[in-house]
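Chains as they are written, first to last, in the numbering used here: chain X, 3 to 369; chain H, 3 to 369; chain B, 3 to 369.
By construction, these hints were calculated from the structure, which means they are not laboratory data. Do not rely on the hints blindly, as some may be mistaken.
The list treats identical chains as one, so a pair stands whether inside a single copy or across any two.
Each computed SDA-like pair below joins lysine to any residue, with the alpha-carbon atoms no more than 20 Å apart [stated by the list, open to error]:
hint, residue 1, residue 2
1, Lys9, Ser154
2, Lys191, Val128
3, Lys125, Phe196
4, Lys125, Leu190
5, Lys125, His193
6, Lys191, His126
7, Lys191, Arg341
8, Lys191, Arg127
9, Lys277, Val128
10, Lys191, Leu124
11, Lys242, His193
12, Lys9, Leu222
13, Lys65, Leu7
14, Lys191, Ala343
15, Lys125, Thr192
16, Lys277, Val42
17, Lys125, Leu187
18, Lys125, Arg194
19, Lys242, Gly94
20, Lys191, Leu121
21, Lys125, Lys191
22, Lys277, Tyr362
23, Lys125, Leu184
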Amino acid sequence: MLSLLLKEIRHNPLLWLLAFVPVVFAAEKLAPDAHTLLFVVSVLAIVPLAALLSHATESVAAKTGDAVGGLLNATLGNLTELVIALTALRAGQYMLVKASIAGAIVTNTLFMLGASFLLGGLKHRVQEYSRAGARFQAALLFLATIALLVPSTIAQADRAPGAVTQTLSLGLAVLLIVAYGLGMLFSLKTHREFFGSAEHAEGGESGEAPWPMSLALVTLAGVTVLVALVSEVFVESVQKAAEAFGMTPAFVGFIVVALVGGAAEMASAFSGARKNRLDLSVGIALGSAAQIALFVAPVLVLLSYVLGPTPMSLQFWPGAVVMMLVATLTAALVTNGGRSAWFVGVLLLMVYLIFALTLYLLPPQVS
Amino acid sequence: MLSLLLKEIRHNPLLWLLAFVPVVFAAEKLAPDAHTLLFVVSVLAIVPLAALLSHATESVAAKTGDAVGGLLNATLGNLTELVIALTALRAGQYMLVKASIAGAIVTNTLFMLGASFLLGGLKHRVQEYSRAGARFQAALLFLATIALLVPSTIAQADRAPGAVTQTLSLGLAVLLIVAYGLGMLFSLKTHREFFGSAEHAEGGESGEAPWPMSLALVTLAGVTVLVALVSEVFVESVQKAAEAFGMTPAFVGFIVVALVGGAAEMASAFSGARKNRLDLSVGIALGSAAQIALFVAPVLVLLSYVLGPTPMSLQFWPGAVVMMLVATLTAALVTNGGRSAWFVGVLLLMVYLIFALTLYLLPPQVS
Amino acid sequence: MLSLLLKEIRHNPLLWLLAFVPVVFAAEKLAPDAHTLLFVVSVLAIVPLAALLSHATESVAAKTGDAVGGLLNATLGNLTELVIALTALRAGQYMLVKASIAGAIVTNTLFMLGASFLLGGLKHRVQEYSRAGARFQAALLFLATIALLVPSTIAQADRAPGAVTQTLSLGLAVLLIVAYGLGMLFSLKTHREFFGSAEHAEGGESGEAPWPMSLALVTLAGVTVLVALVSEVFVESVQKAAEAFGMTPAFVGFIVVALVGGAAEMASAFSGARKNRLDLSVGIALGSAAQIALFVAPVLVLLSYVLGPTPMSLQFWPGAVVMMLVATLTAALVTNGGRSAWFVGVLLLMVYLIFALTLYLLPPQVS
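This is chain X alone, in the form it adopts within the complex (with noise of 0.2 Å):
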């Protein structure tokens, strides 16, 4: 079983970071305040255990037949973004928590998608892929972001009492959730047909097979542990390593984390553009995506009540909620056609680009 797992590391370069994970700990015992330096290893041991998680989850999916393994497949495959959240959120710092949720639907609705049709551009003339899949998220992404805009413009208006946000906050959560479970009965189960090509692909695409269940399983629990705690180093040191490199909070939570925690995926869906399968990149681009927005972000929001020092509301400040807003027309606009050349990627890259920039040079205190 052990043999699996080393025959799995020598045969992805990605894998051999793991040794940074070690280097996380010591460096955390040896030099507690050495901010940047434990930023940056906490980083590069983060990416390899997300590829790991990926591939664990994947492996128990596979195994536990169709709609099992969708299910976990749906509710799984955002662990490493939802762990780091969850350190976070115990920690109290809520303002990480919203950066990386809105980071997370921004990066991965404009950066993953526009990268992956860009670098599917450059070597295949025009690509095609299945419309439905493509719809189906961003009309679930469309849903979360009305969700997500209503008690960031009433507390914005400033008359509502912050109890009212955080009602509203707990009722919105709960309607996302039951809109992403009755999402999941539809494509998973009733109208299954129209999905399959995406699904399909996704799951023979992983180019390796799948792991025996207790390997998958060991691995699964195992490794969410260690990102726990390296996740913990990360959440400690990346404040202070911000202001050594310049960066505003508001720039760390969206772009770097929502880069870190997704750099697995992301290997994925360029893989699958370079190899003319783009069905399987805009499905794990947008699915993720969607899976934030309407399972993460709610999941945290009734968890706070239990784990962190007070309740948390679904109320992010305007800038993040009209970013998420253009993301998730612009994904939808660009995808409703169903076909790409390198230009699209291009434009969806460059609506990234303003975002990062403006994050980048905004104050401080406006985050």
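With chain X's structure known, arrange chains H and B on it following the hints.
Just chains H and B now, kept in the frame of chain X:
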């Protein structure tokens, strides 16, 4: 003639509620301060009157030939909403008038359309409908929402005096009515054949034979008077009853009045969806919303100069504008494809639930 | 050579207005304070100069081959707007510069496109056109509108100092020019065949034989100088004349300057629509709007560092951003189908009328 009316009443269980019409007047005499009771019985009385009004309008339209009939349907189709709003207008309750306009647009595009898709989708796997009609109505709605957006945005900027907002509202009201008139010319006359199927379906769908002209005209006149009288009780009692139920005035105007006023149309739209005639459902839902936005709302602005204590503007509170904008955009995106399954209905209903929850939780002063 | 120019002038009634060019200079000498007179004659002089400039650019483009010619058309196509804006820039009238940029985008996407659809639709029942070109230009426009939205949103939040807005504007200007350049590469070089029909039509449509190179170059240089000289009179007189006509400065910059600067292009677009060549009309309208948003506007920001009294930002007033956003979204939705009838034109013109009415009624300080 009366026997025909009685046969209709026996045939349609909804019309049994007509028994509540005399109850309203009796209750008002006997217990003028029992606001909650008056509210409930007036709601129960308006629903069957609206159904009668709708049937009478269709009968007159069927007898007067295509062009005049289409025009009649287009102007009198929302007579109930118009009469209720006129009663509130005369009482100077402009907030209730505006909430009921915005609420009717949002309820028709999200709830009526969403429930039609869901009810139809639970029976039929995938349903198709004509895109031409849906696109036309969605375009009209989009135009109206932009017109309603302008005075609210300007007033919010807080630099424009009220007189400017009022002049602007008057100008916009005239533009909207002109656009609505040209839209009728387009869909009923110059490019009639593009919309043929939906219009035709609507005429033949009601299932019952049209009444003779005399009965229809008498019913139209008599029931309009009854609706006006019951509306007065309804408008007087609604605010106090809302407080008793713990609802905000915004919620009552937006959700309750809109559901009461549109009950008859909803019955037709849902029945069409179950019979796999989505053209009919989409036509009723979007057509009714467009009519309220481009005809009822501007007519109320114009009539406020004659009937109201002061002229009424088209300035809505920001939240209402956002909701109308989101509802219109959602309906446009959803109906763009011309296909539907049950989950599309769930998505629309979810957006409606998000809005209803927000309005329910909002503190009163925000409305 | 001169005889060719004279033949062109006799051929084209618009060019008879050239007689007003000397009138402008005479009037400025004789009655430098007659602002209304100077405004009217400078408007009448700019229109034929713009037409000459446009014909000269096309002639040079036709002679220099496809790629270089396309690039020339893409950079000099809005030379008149650029020269007028540069004159206002040098005079430090940044409000007029920005109003004319926003106005040109809105006027091209709503008025020019809408009037083309209406004029074409009154003659031809249903008109079809290529969706590829329209979608490409609409996507570029959408990108530009997002870029323009960002600094305005941030400045409105009022927490960012002016220096941040200025740095951000500079960065966005560079991003927009890069996006425009890559867009040219895409549409003129790597994926040329998707846009072939529209481009081709534009070249062959002008109806007149292209001029010889020498005449075209001399005209290009000479007329540019004349436009610059007349623009100076125009910019100096426009504010005072606006007051005399009872118009707000916002209305003048947004509506009057945009209509004057685009008169020559409108003549071509309308003529194309009447001849059932909507590809041409849509290409001119959306292409011109995209060029102003992605090329003229950022070039003005960059040049303001050299020519203006202080650097100019990309921060527009909120109303202008909303109008550009609505105009872009409307054009994208409307051109998505690739078909048109007269009522589509009415819808676009109605949105334009709503904006014009609002700007006309707005009190001056809002601009």
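Worksheet item: What label fits Lys277 with Val128 when the C-alpha limit is 20 Å: within, between, both, or neither?
Response: within (13 Å within a copy, 33 Å between copies)
Discussion item. At most 20 Å between CA atoms: does that hold for Lys191 and Val128 within a copy, between copies, both, or neither?
Written reply: between (32 Å within a copy, 14 Å between copies)
Worksheet item: Between copies, within a copy, both or neither: which fits Lys191 and Leu124 at Cα up to 20 Å?
Response: Intra 36 Å, inter 14 Å, cutoff 20 Å: inter-copy only.
Worksheet item: Between Lys125 and Thr192, at a C-alpha cutoff of 20 Å, which is it: within one copy, between copies, both, or neither?
Response: Only across copies: Lys125 and Thr192 sit 12 Å apart there, 37 Å inside one copy, limit 20 Å.
Practice prompt. Please work out whether the CA atoms of Lys9 and Leu222 approach to 20 Å or closer within one copy, between two copies, in both situations, or in neither?
Written response: For Lys9 and Leu222, the Cα distance is within 20 Å only inside one copy (17 Å; across copies 69 Å).
Worksheet item: Quick one: Lys125 to Phe196, C-alpha cut-off 20 Å, is that within a copy, between copies, both, or neither?
Response: Only across copies: Lys125 and Phe196 sit 18 Å apart there, 28 Å inside one copy, limit 20 Å.
Discussion item. Reference check for the pair Lys125 and Leu184, CA-CA at most 20 Å: within, between, both, or neither?
Written reply: between (38 Å within a copy, 17 Å between copies)
Worksheet item: Is it within a copy, between copies, both, or neither that the alpha carbon of Lys191 lies no farther than 20 Å from that of His126?
Response: So Lys191 and His126 pass the 20 Å test across copies only (16 Å; inside, 34 Å).
Fill in: Up to 20 Å CA-CA - His193 versus Lys242, copy category
neither (49 Å within a copy, 47 Å between copies)
Discussion item. If the cut is 20 Å between Cα atoms, do Lys191 and Leu121 qualify within a copy, between copies, both or neither?
Written reply: Between copies only: 18 Å across, 33 Å inside.
Worksheet item: When no copy is named, should Lys277 and Tyr362 be tagged within, between, both, or neither for a Cα gap of at most 20 Å?
Response: Answer is neither: 34 Å inside a copy and 51 Å across each miss the 20 Å cutoff.
Worksheet item: Which holds for Lys242 with Gly94 at a C-alpha limit of 20 Å: within a copy, between copies, both or neither?
Response: Answer is within: at 16 Å inside a copy they meet the 20 Å cutoff, but 43 Å across does not.
Figure legend: structure checked against the earlier numbered hints; hints not met, in rising order: 1, 11, 16, 22.
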